Amino acid sequence: MLGCLKNPVVVTVEINMNLVALTVIGLISRLWGLSYPRAVVFDEVYYGQFVSLYMKRIFFVDDSGPPFGHMLLALGGYLGGFDGNFLWNRIGAEYSMNVPVWSLRLLPALAGALSVPLAYQVLVELQFSHCAALGAALLILLENSLITQSRFMLLESILIFFILLAVLSYLKFYNLQRDSFFSGSWWFWLLLTGVACSCAVGVKYMGLFTYMLLLTISGIHFWHMIGDRNLSNVSLMCHFLARALALVIIPVAMYLSFFYVHLTLLYRSGPHDQIMTSAFQASLEGGLARITQGQPLEVAYGSQITLRNVLGKPMQCWLHSHTNTYPIRYENGRGSSHQQQVTCYPFKDVNNWWIVKDPGMQQLVVSNPPRPVRHGHIVQLVHGITTRYLNTHDVAAPLSPHSQEVSCYIDYNISMPAQNLWRVEIVNRESDTDVWKTILSEVRFVHVNTSAVLKASGFFGASLPEWGYRQLEVVGEKLSKGYHQSMVWNVEEHRYGKSQEQKEREVELHSPTQMDISKNLSFMAKFTELQWKILTLKNEDTEHKYSSSALDWITMDTNIAYWLHPTSGAQIHLLGNVVTWASANIAALVYACLSLWYLIRRRRKIYDIPEDAWQLWVSAGGICVGGWAVNYLPFFLMEKTLFLYHYLPALTFQILLIPIILQHLGNHLCRSLLLKSMFSALVVAWFSSVYLVYRTFSPVTYGEPSLSVTELKDLRWKDSWNILIQKQ
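Numbering that gives the first Met the number 0 applies: residue 0 is where the sequence shown begins, and numbers increase by one.
There's no promise every hint is true.
Straight-line distance between alpha carbons at most 30 Å, and here's what the computed DSS-like set of lysine-lysine pairs gives [stated by the list, open to error]:
1) 347 to 477
2) 604 to 532
3) 544 to 477
4) 712 to 544
5) 532 to 55
6) 532 to 639
7) 55 to 477
Everything labelled a hint here was simulated from the structure, so no lab data went into it. Since the structure is predicted, the reported quantities are computational estimates derived from the model, not experimental observations.
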């Protein structure tokens, strides 16, 4: 038993010094002087606001993408002890002492640094030489635009890190599956592929492009496996299920988990609540929840309610009336009913209160026990303050002449009878006997006499003129014109009316509710609503000084000034390494031309390169050229403001292609020793120029040292570049 102690325990570890050196140099290049400048740099003014909201647990919606990237930035703030107290109102604002600048910028910088060794490993797993892999890593290391983007509180470096990690993990998995099915390492790399893909998508939806690429490549590889007669049907099914689990189910589950953590952290009401439904707002601490806590759940005859339009954009608004009437004649000469105005008002007000009345009874209070209103019931809506009934008739609306005017009825003793019966239709009902519920039920009010639906039309046109106090128009719209969310309403505030007398009722309408019934939404309901808002909420696209088109990116005809020192003239720009960008474009062109040449020759049964070299060429193109294409071409279809940094993921794949082309040319086209020597000398000279350009533009990459006016002008290699020259 003690025999095993006679010999020492020996552990052998292999260390790739290339990887170690690249990691150390990458960390130095990205972390050096990370706190400089101690001022807000470009989009830090945007992401910093979200970090502050995380620190204060205040809910927000960002239409640019999922929350995982924001949470990583917030993690940096949390680790640095940031309390969230900073006013992110302008680029260049000096950070106060409570802002942990180094900590906030740390995770993007680490992601940028680790992308250097990841690039090395990707080429190794593609079966290229260590020399080519080292070249790819150094090109990533010396790319000025990637350095700039990774040294600030921005998301692109994190996105690129997870993209490269996903590609590397899949390549390792694919190389292992040749001889070690279902081993521990096989499972590890397959699962890590799915995790990295979900993280990439969770940082920015641009990560979806690479995820789709890897799913496509995986599908092609599995299709080839189906043709392998050595694999049994059971084995193929196990392979399929393993891929489905790792590449579909786990990424979806992780994506949901990002939102779960996001919604768990942000439990307080904030400025972005207004675009969410009343039910969502009521689930947050403070804000609407403070108002609606304790409301009765079921709407009954005699209930006092406020009705919020479900559409909620461009602003939330509530069904509203006041004592003023429509003018007898409008500016265009059309006449009106001269009835009491009904509008949609974007602020909480006592005139937003309505009473749900049973048409067959006169009482305006809730009976004991309450009689709930159900889907299909006929009601009258009585304005709480003026006690006039909601009405519509065959009179043209003020701004929408093809729709009916909605008013509160005034009896002028003329031949215009009241038409104030409305049928309640619960849109999101589960059955035709559903009870109308506070906040949860989304309802339409269908006019019994004319079948018109109560609609807030002011979202689609101008607000009412001065006589309508610039409030939004409400009309009766024919159902034949189609369904729209502006026709749907939900009860937001609700109480059971107890006062029959008008004076007492007015006091009651001004008082808070008393009963205590909770209306919490499930996570899936909140996720579905938030996801829909992220996908559909569009800020007004405004022309930005540094916006650009996708065509400008390839030749780098544009740049972005990230920061300018107020006195010294030191500045930071998003500018790439000109030699690297040009070489990447040439490499893509060479790959396309050579591929076409090889395909034509192979069609003629002429094989210029060995079969294994051809397979290597195709697989490298699938990753690098495919990665560039899927991360670049979709921008031509996007209707959004674009910036140069959107090109960086595509550029990363294109850079990886450069050493692949160089190795291929050296191995297969330079056949003599003299040609190989000359080619090697050219590569060394070319790489020296890459380093020289990196050093030339380092002052505007790192922001120091400050340059003179003459030196700055010398850096304007293209007339389209906007290098900032301060007036002396």
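Hint check:
1. 347 to 477: holds, 28 Å
2. 604 to 532: Roughly 55 Å between the alpha carbons, so the hint for residue 604 and residue 532 is violated.
3. 544 to 477: Distance of about 45 Å is beyond 30 Å: violated.
4. 712 to 544: Between residue 712 and residue 544 the Cα gap is close to 20 Å, so the pair holds against 30 Å.
5. 532 to 55: With a Cα-Cα distance of about 22 Å, the restraint between residue 532 and residue 55 holds, given a limit of 30 Å.
6. 532 to 639: Status holds; Cα separation ~17 Å.
7. 55 to 477: violated, 46 Å
Checked against the numbered hints above, the structure breaks hints 2, 3 and 7 and satisfies the rest.
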